[in-house]
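Asker: Next come the chains, spelled out residue by residue.
Number of protein chains: 2
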Amino acid sequence: MQTLCYLSAMSLLIKNVILKGIRKDIYVNSGKIEKISSRINKKANQRIDCKGEKAVLPGLINGHTHAGMILLRGVGDDIPLKDWLEKKIWPLEKNLTADDVYWGTKLACLEMIRTGTTCFNDMYWFNKASVQAIKEMGIRSVVGLVLLDFDSKGTKENLEKFWRIFQKRKFKTISFSIAPHAIYTVSQENLIWAKNFAQKNNLILHLHLSETEKEVKDCLKKYKLRPVEYLDKIGFLNENCVLAHAIWLSDKEINILAKRKCTVVYNPCSNMKLSSGIFPYEKLKRAKINICLGTDGPASNNNLDLFEEMKTGALLQKVNAMNPVIASAAEMFNTVTKNAAKALNIKIGQIKQGDLADLILIDLNHISLIPGHNLISDLVYSCSGDCVSDVICHGKIIMREKKVRGEKEILVQAKKRAKKLLNR
Amino acid sequence: MQTLCYLSAMSLLIKNVILKGIRKDIYVNSGKIEKISSRINKKANQRIDCKGEKAVLPGLINGHTHAGMILLRGVGDDIPLKDWLEKKIWPLEKNLTADDVYWGTKLACLEMIRTGTTCFNDMYWFNKASVQAIKEMGIRSVVGLVLLDFDSKGTKENLEKFWRIFQKRKFKTISFSIAPHAIYTVSQENLIWAKNFAQKNNLILHLHLSETEKEVKDCLKKYKLRPVEYLDKIGFLNENCVLAHAIWLSDKEINILAKRKCTVVYNPCSNMKLSSGIFPYEKLKRAKINICLGTDGPASNNNLDLFEEMKTGALLQKVNAMNPVIASAAEMFNTVTKNAAKALNIKIGQIKQGDLADLILIDLNHISLIPGHNLISDLVYSCSGDCVSDVICHGKIIMREKKVRGEKEILVQAKKRAKKLLNR
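Going down the list, the protein sequences come from chains A and B. Quick note: the first sequence uses the numbering used here, first residue 3, plus one each step. Quick note: the second sequence uses the numbering used here, first residue 3, plus one each step.
Hints are not guaranteed to be accurate.
A pair counts as met if it fits within one copy or between any two copies, since identical chains are not told apart.
[What the hints assert, rightly or not] With a cut-off of at most 27 Å between alpha-carbon atoms, the simulated DSS-like pairs for lysine-lysine come out as follows:
| hint | residue 1 | residue 2 |
| --- | --- | --- |
| 1 | Lys421 | Lys22 |
| 2 | Lys354 | Lys17 |
| 3 | Lys53 | Lys405 |
| 4 | Lys404 | Lys417 |
| 5 | Lys34 | Lys137 |
| 6 | Lys130 | Lys202 |
| 7 | Lys417 | Lys254 |
| 8 | Lys26 | Lys410 |
| 9 | Lys53 | Lys404 |
| 10 | Lys34 | Lys89 |
| 11 | Lys172 | Lys137 |
| 12 | Lys22 | Lys90 |
| 13 | Lys22 | Lys410 |
| 14 | Lys137 | Lys22 |
| 15 | Lys349 | Lys263 |
| 16 | Lys45 | Lys174 |
| 17 | Lys418 | Lys22 |
| 18 | Lys53 | Lys417 |
| 19 | Lys22 | Lys422 |
| 20 | Lys26 | Lys422 |
| 21 | Lys53 | Lys422 |
| 22 | Lys340 | Lys22 |
| 23 | Lys417 | Lys17 |
| 24 | Lys17 | Lys421 |
| 25 | Lys340 | Lys263 |
Keep in mind the hints are simulated off the structure, nothing from the lab.
Generate the whole structure from the sequences, applying the supplied hints.
Answerer: Structure, rendered in structure tokens:
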């Protein structure tokens with residue numbers, strides 16, 4: 003497999019690549035971007051010559067997903083949310099095995115790699131299986147250790163057990179978050195415990211927040227507070243919080259989120275498909291809140307392509323505000339790069355000497371980039387993930403000229419597991 | 003080039019292809035689907051064996067576009083509509099040459115072919131150049147002969163001249179429409195003339211209608227009638243009308259459109275990107291009006307991928323109505339197949355013996371179709387046009403295993419023209 007450059011490289015030299023419109027060489031060593039210059043002639047274990055026909059971008063970052071859910075892609079679309087959850091997703095998820103999640107996560111990683119995502123903020127079950135899959139795929143991930151009352155998999159004890167196991171291992175591309183599912187599925191006591199546990203171990207807190215209007219109404223009924231007010235009252239909110247959805251927010255809540263320096267994750271396709279509502283992008287932006295972009299799980303999207311997500315995210319905001327100027331291509335690009343890197347506290351999301359080498363190469367001869375008047379516009383409004391030709395994560399080539407190692411087996415095994423799961 | 007099967011085939015045998023979940027053989031002869039059966043062993047000039055790993059679908063139909071505008075892709079995004087038109091698009095279009103439109107149309111056809119579109123309803127300038135390009139690409143099109151006051155290219159005399167030229171030629175895949183641009187750019191006299199000319203020659207009438215609220219307000223001011231009321235009053239509306247956008251409609255106008263059996267074309271990406279408004283899909287559907295889907299021109303989308311358009315179209319309706327049940331995947335698929343075929347009055351849009359052989363093959367091993375619980379859901383919600391492997395138009399293979407003849411030259415020439423155009 004030498005010719006396909008799959009081997010883990012200590013060093014990698016990328017020649018003649020277009021970086022912000024200018025031809026550059028990039029030297030990568032031990033997982034990091036060591037040097038960017040107009041000409042580098044260092045020896046390297048691996049070498050890619052782009053001949054000026056490829057652009058380099060930071061690998062994209064998916065701010066919120068449930069990778070393993072890909073086995074349920076296409077199961078129950080166009081039905082009410084309650085039926086989707088109660089009649090389709092939950093009964094099937096009850097039968098999930100670690101083996102299912104292993105192959106599902108591999109399939110999801112493969113789809114992310116193919117569409118230029120090098121890092122994803124995940125929240126799902128069977129963490130040992132998903133960690134193994136992610137490690138094998140060579141992609142970067144913040145794996146959520148899930149807390150959920152009334153599910154034996156989601157207990158504090160289980161979470162602590164996983165944390166003990168994972169803490170001992172040295173992962174190059176995997177870190178962890180504490181992921182209490184939501185305020186309506188995790189008790190106040192457990193939310194506080196999660197917050198303290200995350201703080202103690204310097205981990206991200208990953209939570210679903212105000213995805214539906216019902217969540218807000220129920221919270222008001224129970225606590226006489228809106229979700230953000232409630233979370234703030236119990237001391238949950240801080241700059242480590244990555245809050246997915248964040249649709250139904252009052253101005254007061256937005257002020258609290260800004261004050262506590264929380265990150266919010268916009269999931270346009272899922273929010274539209276499930277009719278959850280419209281993310282208040284402009285208000286959050288004006289409050290200077292850090293905004294990321296996520297696909298949500300592939301069962302409610304139904305794919306993991308962040309190029310598509312950027313476009314849909316921009317377009318939805320424009321038509322909703324009846325203002326074509328807002329949610330620009332450049333802003334959308336930031337949500338999947340530097341904003342997300344900041345949220346996850348990882349040195350990625352831009353191409354900078356000393357940062358981690360998570361890079362993607364874009365085929366500038368791809369039809370969606372022709373004629374090519376404006377790269378960022380083309381990336382956001384014209385491209386799908388199909389324009390990505392090569393993917394490098396932590397300095398290692400994980401896709402070369404659209405080829406990913408072991409792809410065929412993943413497709414076959416994931417398909418087999420998904421079929422079995424539906425007949426279980 | 004024999005191996006790539008580019009030669010025009012008198013007959014074509016497609017073996018072991020999945021049609022509505024069942025393995026079939028399809029025999030195509032002289033541009034038509036001659037036979038569909040579980041096993042066909044006829045001799046044919048060309049043969050594709052799908053080995054059960056590809057699905058066949060009717061080629062998709064783009065209900066409204068301006069193909070040649072692709073040279074302006076990415077010129078002026080995220081700016082107000084007035085600036086976009088007046089400062090960017092119109093000044094550049096003034097400098098367009100026939101050669102630009104020829105290469106632009108070739109590029110647009112190439113992108114459509116690659117994303118599974120075999121027929122498009124076009125409206126643009128330099129018809130001789132665009133017809134030549136479309137003919138060479140082997141795609142099907144209804145070419146709009148544009149009528150527009152105050153532009154020397156858009157006169158009745160010019161339109162009649164084109165019609166005289168084109169009428170004499172026998173095109174296999176090209177037919178024509180009369181395309182008065184809009185009520186605010188074409189006089190009442192010319193609209194009536196267009197309608198009579200179309201009727202006399204049995205042609206489609208292709209018109210922009212109520213794309214912006216301003217159009218409605220201006221019309222009310224000028225005629226004390228809303229646009230549809232005005233068009234009906236002057237006798238313009240009939241079953242040959244294909245009305246693009248149709249966003250700002252009153253209930254009374256919807257009733258008129260239903261009574262006159264008009265077709266409307268939903269352009270979700272463009273309507274969102276330009277903040278034109280939200281197409282009243284459910285109301286139009288309830289009125290039993292024929293609904294198609296279009297990308298609009300690639301300068302306001304910014305691509306020509308109908309797979310993406312179907313998803314965005316469904317998702318926008320769901321979130322707007324806060325109802326995940328409406329605008330289903332199956333309905334969206336109909337808008338780009340049988341509804342559009344009906345609107346354009348061409349025997350395509352379904353796979354039926356005796357109909358024209360406009361077919362696309364879908365790679366069932368494409369990652370966006372894995373695990374593959376529900377093909378229509380996957381096509382609409384998960385796929386981009388990248389899942390299309392082969393395209394057949396009028397019985398002729400125009401893409402084989404993702405390869406299209408002359409692709410490289412088209413990319414180079416279109417890029418060159420676009421660059422020149424911006425510097426002209």
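Asker: Work down the list of hints and note, for each, if the structure agrees.
Answerer: Hint-by-hint comparison with the structure:
1. In the homo-oligomer, the alpha carbons of lysine 421 and lysine 22 lie at most 27 Å apart only across protomers (19 Å), although the nearest pairing inside one protomer, at 45 Å, exceeds that limit.
2. Proximity of lysine 354 to lysine 17 under the C-alpha cut-off of 27 Å is restricted to the intra-copy arrangement: shortest distance 16 Å within a copy versus 52 Å between copies.
3. Proximity of lysine 53 and lysine 405 under a CA criterion of 27 Å is satisfied in both settings, with 19 Å inside one chain copy and 23 Å between copies.
4. In this assembly of identical chains, the alpha carbons of lysine 404 and lysine 417 lie at most 27 Å apart whether taken from the same copy (21 Å) or from different copies (24 Å).
5. In the homo-oligomer, the alpha carbons of lysine 34 and lysine 137 lie at most 27 Å apart inside one protomer (18 Å), although the nearest pairing across protomers, at 51 Å, exceeds that limit.
6. In this homomeric assembly, lysine 130 and lysine 202 come within 27 Å of each other (Cα to Cα) only inside a single copy, at 22 Å, whereas the closest approach across copies is 72 Å.
7. In the homo-oligomer, the alpha carbons of lysine 417 and lysine 254 never lie at most 27 Å apart, since the shortest distance is 46 Å inside one protomer and 50 Å across protomers.
8. Taking the shortest alpha-carbon separations for lysine 26 and lysine 410, only the inter-copy value of 25 Å comes in at or below 27 Å, while the best intra-copy value is 34 Å.
9. When the C-alpha separation of lysine 53 and lysine 404 is checked against a cutoff of 27 Å, the pair qualifies both within a copy, at 17 Å, and between copies, at 24 Å.
10. Taking CA atoms no more than 27 Å apart as the test, lysine 34 paired with lysine 89 passes in neither setting, with 47 Å inside one copy and 44 Å between copies.
11. Proximity of lysine 172 and lysine 137 under a CA criterion of 27 Å is satisfied intra-copy only: 11 Å inside one chain copy versus 60 Å between copies.
12. In this homomeric assembly, lysine 22 and lysine 90 come within 27 Å of each other (Cα to Cα) only across copies, at 23 Å, whereas the closest approach inside a single copy is 46 Å.
13. Taking identical chains as interchangeable, the C-alpha atoms of lysine 22 and lysine 410 lie at most 27 Å apart only when they sit on different chains, with a minimum of 25 Å there against 35 Å within one chain.
14. In the homo-oligomer, the alpha carbons of lysine 137 and lysine 22 never lie at most 27 Å apart, since the shortest distance is 31 Å inside one protomer and 38 Å across protomers.
15. For a Cα distance limit of 27 Å, the shortest separation of lysine 349 from lysine 263 inside one copy, 19 Å, qualifies, whereas the shortest one across copies, 59 Å, does not.
16. Proximity of lysine 45 to lysine 174 under the C-alpha cut-off of 27 Å is restricted to the intra-copy arrangement: shortest distance 24 Å within a copy versus 58 Å between copies.
17. Proximity of lysine 418 and lysine 22 under a CA criterion of 27 Å is satisfied inter-copy only: 21 Å between copies versus 43 Å inside one chain copy.
18. Within a single copy, lysine 53 and lysine 417 get their C-alpha atoms only as close as 38 Å, which misses the 27 Å cut-off; across copies the closest is 18 Å, which meets it.
19. For the identical chains of this complex, lysine 22 and lysine 422 are inter-copy neighbours only, at 22 Å across copies versus 47 Å inside a copy, given an alpha-carbon limit of 27 Å.
20. In this assembly of identical chains, lysine 26 and lysine 422 lie within 27 Å of each other by CA distance solely across copies; the values are 26 Å between and 49 Å within a copy.
21. Taking the closest pair of Cα atoms, lysine 53 and lysine 422 come within 27 Å of each other only across two copies (23 Å); inside a single copy the shortest separation is 46 Å, beyond that limit.
22. Proximity of lysine 340 to lysine 22 under the C-alpha cut-off of 27 Å is restricted to the intra-copy arrangement: shortest distance 15 Å within a copy versus 44 Å between copies.
23. Taking the shortest alpha-carbon separations for lysine 417 and lysine 17, only the inter-copy value of 24 Å comes in at or below 27 Å, while the best intra-copy value is 38 Å.
24. In this homomeric assembly, lysine 17 and lysine 421 come within 27 Å of each other (Cα to Cα) only across copies, at 26 Å, whereas the closest approach inside a single copy is 44 Å.
25. Taking the shortest alpha-carbon separations for lysine 340 and lysine 263, only the intra-copy value of 16 Å comes in at or below 27 Å, while the best inter-copy value is 51 Å.
In the structure shown, a violation is registered for the earlier hints numbered 7, 10 and 14, in ascending order.
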